[in-house]
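Asks: The residues making up each chain are set out below.
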Amino acid sequence: LKVEAKGGILVAPLQILLNVFIWIPFFLVIALSLFSWSATMGPNWWEAPFVGIRNYVDILQDEGFLMALGRTLIVVAVAVCLEFGLGLFLTLLIASLPRGRRIVTPIFLMPMMFLPIVTGYDFFMIFYGHGPLNAILSMLLGHEVMVEWLANSTSALFAIILADVWQWTPFMFLILYSAYMAAPEEPVKVARTLGASEAYIFRRITLPALRDVIMIALIIRSLECFKIFDIPWIMTAGGPGAATQTISIYMYLEGFKYWNLSYISAGALILLGMIIIVTRYATNRLLIVEKKM
Amino acid sequence: VLKYGITAVVAAAAGGAVGWLLGGAGAAPGPGVTQTVEKTLTVTQAGTPTVALGYRGLLGNDMADMRAIAAVKAMNLPAGTKITCLNPSGSRGNFEFKANADDNIFGGKSSLEYWKEQTGVDVEIVEAPINEVYEKAMQESVAKIGVYDVIDLNHNFIGDVVESGLAVNLDQWVQKYDPELSGPMGYAEPLGRFLNTYGGHVYSMGSDADVFLMYLRKDYLADPDEMAAFKSKYGYDIRPDDIYFPETWDQYHDLIKFFDRPDEGMRGAWFWRSRFFAVMGFLGQFISNGGKLFDDNMNPAINGPEGQKVVQDMIDIMPYMDPVVLTAGYEAQYPDFYANKKAFTTFGWPSIGRYATDPGVSAISDAVSFHVMPGYKVPGAEQFYVKGSFRASGHTFGWINLVSNYSKNKELAYLFAQWRLSPVVGGMAVTQPGGYEDPYRGVWYDKVYPGPAPIRPDELVCLRATLPLAVPDIQLRGSREYDDILDKNLQATFAGQIGPKDALDETAAAWQKVTDKYGRDKQIQAWKYLRLGYPEHVKKYFGWT
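In the order they appear, the protein sequences are chains A and B. Under the numbering used here, read the first sequence as residues 18 to 310, first letter to last. Under the numbering used here, read the second sequence as residues 85 to 629, first letter to last.
Wrong hints could be hidden among the right ones.
Quick look at which bits of chain A chain B covers, simulated, 3 or more residues with Cβ under 8 Å [stated by the list, open to error]: (1) 89 to 102; (2) 251 to 260.
Partial selection, computed: residues in chain B whose CB lies under 8 Å from chain A [said to hold, decoys possible]: (3) 226; (4) 230; (5) 244; (6) 247; (7) 249; (8) 359; (9) 360; (10) 410; (11) 564; (12) 573.
Below, computed lysine to aspartate or glutamate pairings styled on DMTMM-like, alpha-carbon distance capped at 20 Å [claimed, not checked]: (13) B:606 to A:80; (14) B:302 to B:344; (15) A:274 to B:466; (16) B:601 to A:161; (17) B:585 to B:397; (18) B:606 to B:379; (19) B:624 to B:466; (20) B:601 to A:64; (21) B:597 to A:79; (22) B:166 to B:219; (23) B:228 to A:64; (24) B:601 to A:79; (25) B:597 to A:80; (26) B:302 to B:325; (27) A:274 to B:216; (28) A:274 to B:600; (29) B:597 to A:75.
Rather than coming from a laboratory, the hints here were simulated on the basis of the structure. Note that the coordinates shown come from a computational prediction; the quantities given were computed from them, not determined experimentally. We put the beta carbon where it would ideally sit given N, CA and C, even for glycine.
Modelling step: build the complete structure from the supplied sequences, incorporating the hints.
Replies: As structure tokens, then:
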């Protein structure tokens, strides 16, 4: 046997397994989305009425789905921007330290090591009416402050974003810091020698050098943040009302609390399509930049 | 009325067992009486004081448990037979326990050891978090593997598990083995109807009486100075020893406002207003204001003036509560009431009372009193008032046992459920400190309690008085959707996002979609059956027959 054939035989079992576990469920979800089936209905899903694309049409007109999607996009936009800004700031700050980086860096990475559910609970306690935030504000203002931060739609969403930023800024920092430290120092030295300002160096040399990594970090973080579930579920369970219901909470409730599995399969495939388009667009841009370079 | 006979084999086996049990109970052999009980069993019952009789003696030698054991023996099951029960975590104490000290019904063994000894069948308890039992059950209805034989589930999901094909119709076994669902040993009504039946058939057997009671701080309520001050302000007397006081929600709110003492660290009340809990407090109050959830055609009627008034009342009382009620659930409610003394009153499940009277965890064990949930003065319903108002009490998130359709031993699973929920074994189970099932058979209150029950006598009196007022959850297919839509909108009103009318209108519109999705005709049928499980006075007022 040729080397390629031997290699093919060796990896075949894994490939078959991977395909079984990826493609069969995927096609099942597609099929399920074309029927009108709920687990509470009785018959097997393939015995339920075939409805074609009706689930897709319905969910795209479902205010709950669209609102949850919009809300999630707001969370992603605000949280990822903040995480990127803070991550970059921390990168530059720590990189400028003359010593002590080995001590400081792991400390900054610690929040990332927490389980999201623990982070959610911690921030629930912080923002709880009798929690430390109100206690500190009471001390500072000299009178009792009793704000139910998680019972107000705006402040609850803000609290969730803050929890996500606290937990995932270290991830941004880790990637940016690694890239920054690995970047060649010569262009910066030359620019300084030629009298360029630090702002100019940052804008024209440092940032372009990090561009690919920034793009990757933003894509990964955005995809992860889009799936945010644990933190809002623990902090607000989507409330007050549905004011902090993210798309993952919506999908969970529809799928595994109400058992509308056909309906939610259509929703899941629509979301998958959206994510593929966005990711594809972002990676294409990355490839174009690479080619230009 | 005990209408079912049993076979001679069962009777003989059961009779023998009873003789052994009563002998084992250590009852003094003094003057005994020979009593012939229905079902052709002849047993000897000691004529000694009631406690020495044990549960079986107190319950007139009821044999539902022994019929189950005898039937399992007659099945001649192979060695190693096992059944698996899916249970909410924290309820193991209701399954496995030692008999009460004055009763030797299990011969010194635990209940499950005794079951194993008698039948040779192992019982495996699989626990799931309380809020996830339904998900596990529905996963089984999708996977159809037969992981569980008996499922201990919340009663509000009965429509889902029946329509999905998960719950087995138990009619034939009820007919054959008589688990005493009705009759002298039967379930307190209307619990028996809505815990055990769906659409006219028996699909489950209730294991809990989770009706809401009202808990008040008696040290304040019965203080002569407070009573005088209250009377001078509101013009009527506080009646601390009357379980039917306060009569109305208006009076209840007067008490809450009067005893709201933020400076002393005690707020007027602790009522649920957070996500997933908001709906629980609403239902009983809504019905007690003469509100109907749906009309005869399943068109939502929740957004009428009765509903709006109740939501507005719920909002109006919020300034007298700690704002944390908007984000916290029962895990904060319980200790805030009895351990931290942060509220003058609360209402909820009977377990609050168990904890509140336990000096080991409660700071108010001698300072709590129990009261029947109040009602409203509903014009036109005067003849249906219960002690001064049109009362109803929510029965929410209680528990039922059902047999999985995918079990390989359905009849065995049924028999285990019959045994464990029987008047004798179940009567002991609900008194165990290691669980949270509350007494659901009326006969226990009448013949056994107070006595071995750890629930305080005054709470038992209140619980017994409340059972006839129990209003079932929305036990239709899609129960969780109906509940969750209402809950989401209620909580939005509590948080000030929308007004009561908009919240209830949105709820009604969304409920229509849910009903249409599941099929209006079938939902109408289920609703018309469910509402017959409402309290008698409510049914009469609404004209539901």
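Asks: Work down the list of hints and note, for each, if the structure agrees.
Replies: Against the structure, the hints come out as follows:
1. For the region 89 to 102 of chain A, the assignment as covered by chain B is violated, since 0 residues bring a beta-carbon within under 8 Å of that chain's beta-carbons and 3 are needed.
2. Only when three residues or more bring their CB closer than 8 Å to a CB of chain B does the claim for the region 251 to 260 of chain A stand; here the count is 8, and the claim holds.
3. For the restraint placing residue 226 of chain B at the interface with chain A, the shortest Cβ-Cβ distance is roughly 5 Å, inside the 8 Å limit, so the hint holds.
4. For residue 230 of chain B, the interface hint is violated, the least distance from its beta-carbon to any beta-carbon of chain A being 16 Å, above 8 Å.
5. The interface hint given for residue 244 of chain B holds, since its Cβ lies 4 Å from the closest Cβ of chain A, which is under the 8 Å cut-off.
6. At its closest, the beta carbon of residue 247 of chain B sits 6 Å from a beta carbon of chain A; the interface hint therefore holds under the 8 Å criterion.
7. Taking 8 Å as the C-beta contact cut-off toward chain A, the hint placing residue 249 of chain B at the interface holds, the least distance being around 5 Å.
8. Of the supplied interface hints, the one on residue 359 of chain B holds, with its beta-carbon coming within about 4 Å of a beta-carbon of chain A, less than 8 Å.
9. Annotation: interface hint on residue 360 of chain B holds; nearest CB of chain A at approximately 6 Å, less than 8 Å.
10. Below 8 Å, beta-carbon pairs count as interface contacts, and residue 410 of chain B has one with chain A at about 4 Å; its hint therefore holds.
11. Hint status for residue 564 of chain B: holds, given a least beta-carbon distance of 5 Å to chain A, under 8 Å.
12. Taking 8 Å as the C-beta contact cut-off toward chain A, the hint placing residue 573 of chain B at the interface holds, the least distance being around 7 Å.
13. About 27 Å separates the Cα atoms of residue 606 of chain B and residue 80 of chain A, which puts this hinted pair outside 20 Å; it is violated.
14. With a C-alpha separation of about 14 Å, the suggested pair residue 302 of chain B and residue 344 of chain B falls inside the 20 Å cut-off, and the hint holds.
15. For the hint pairing residue 274 of chain A with residue 466 of chain B, the CA-to-CA distance comes to about 40 Å; that exceeds 20 Å, so the pair is violated.
16. Annotation: proposed proximity of residue 601 of chain B to residue 161 of chain A is violated, straight-line Cα distance about 49 Å (limit 20 Å).
17. Between the alpha carbons of residue 585 of chain B and residue 397 of chain B the distance comes to roughly 13 Å, so the proposed pair stays at or under 20 Å and holds.
18. Pair hint residue 606 of chain B plus residue 379 of chain B holds up; C-alpha atoms about 14 Å apart against a cutoff of 20 Å.
19. Proposed proximity of residue 624 of chain B and residue 466 of chain B is supported: the alpha carbons are some 12 Å apart, at most 20 Å.
20. The straight-line distance between the Cα atoms of residue 601 of chain B and residue 64 of chain A is roughly 17 Å, inside the 20 Å bound, and the hint therefore holds.
21. For the suggested pair residue 597 of chain B and residue 79 of chain A, the alpha carbons sit about 11 Å apart, so the restraint of at most 20 Å is met.
22. Using a Cα cut-off of 20 Å, the hinted pair residue 166 of chain B and residue 219 of chain B is violated, with the two alpha carbons roughly 23 Å apart.
23. For the hint pairing residue 228 of chain B with residue 64 of chain A, the CA-to-CA distance comes to about 15 Å; that is within 20 Å, so the pair holds.
24. For the proposed pair residue 601 of chain B and residue 79 of chain A, the alpha carbon gap of about 14 Å is at most 20 Å, so the pair holds.
25. Taking the CA atoms of residue 597 of chain B and residue 80 of chain A, the gap is near 13 Å; set against the 20 Å cutoff, the hint holds.
26. Proximity of residue 302 of chain B to residue 325 of chain B is assessed by CA-CA distance (about 9 Å); at most 20 Å being required, the pair is judged to hold.
27. Annotation: proposed proximity of residue 274 of chain A to residue 216 of chain B holds, straight-line Cα distance about 9 Å (limit 20 Å).
28. With a C-alpha separation of about 18 Å, the suggested pairing of residue 274 of chain A with residue 600 of chain B holds against the 20 Å cut-off.
29. A C-alpha spacing of about 12 Å is found between residue 597 of chain B and residue 75 of chain A, which places the hinted pair at or below 20 Å, so the restraint holds.
The structure fails hints 1, 4, 13, 15, 16 and 22 (numbered hints given earlier, in ascending order).
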